[in-house]
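A.B. asks: Number 16 in the working numbering belongs to position 16 of the sequence shown; there are no gaps in the numbering.
Just to be clear, a hint being listed does not mean it is correct.
[Unchecked claim] As a list, the in silico SDA-like pairs of lysine to any residue whose alpha-carbon atoms are at most 20 Å apart:
| # | residue 1 | residue 2 |
| --- | --- | --- |
| 1 | K51 | I66 |
| 2 | K51 | L27 |
| 3 | K35 | A25 |
| 4 | K35 | L23 |
| 5 | K14 | R3 |
| 6 | K14 | F4 |
Quick caveat, the hints were computed from the structure, so don't treat them as lab data. In this text the structure is predicted, and so the values were computed from the model without any measurement.
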Amino acid sequence: MDRFYDILEKHFGKIVGMALGLLFAILVIALGFWKTIFVLICILIGYYLGKIIDNREDLRNFLDRILPPGRM
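Make the full structure from the sequences, and use the hints.
C.D. replies: Rendered as C-alpha cells:
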C-alpha cells in the first residue's frame, strides 16, 4: 500500500491529467464537442463564483467590475 501512495504522490499531476482527458473524451462522445465546451465553460464560471464566495469577496464588487458602471 505504501508503494501505491508513493506512485500517487510522484505522478499525481499525470494521473489527474489523464483522468481529465478521459472525462473530456467521454463528454465529447456523449454530448458532442460544442455542448462539452459549453459544459466546461459553465463549470469554470461556477468555480470562479465559488472562489469569490470562499474568499469572502463582495459579490457586488465583482459585478461592478464586469458590468457597466451604475448597474449594481
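A.B. asks: With a cut-off of 20 Å on the C-alpha distance, tell me whether K51 and L27 pass.
C.D. replies: violated, 25 Å
A.B. asks: Hinted pair, alpha-carbon criterion (20 Å max): K14, F4. Please report holds or violated.
C.D. replies: Holds - the C-alpha atoms of F4 and K14 are around 15 Å apart, at most 20 Å.
A.B. asks: Within 20 Å, alpha carbon to alpha carbon, are K35 and L23?
C.D. replies: Holds, at about 14 Å.
A.B. asks: Are the Cα atoms of K51 and I66 separated by 20 Å or less?
C.D. replies: holds, 16 Å
A.B. asks: Assess, step by step, whether the Cα of K14 is no farther than 20 Å from the Cα of R3, and give holds or violated.
C.D. replies: holds, 17 Å
A.B. asks: Is K35 within 20 Å of A25, Cα to Cα?
C.D. replies: holds, 12 Å
Hint compliance for this structure: hint 2 alone is broken.
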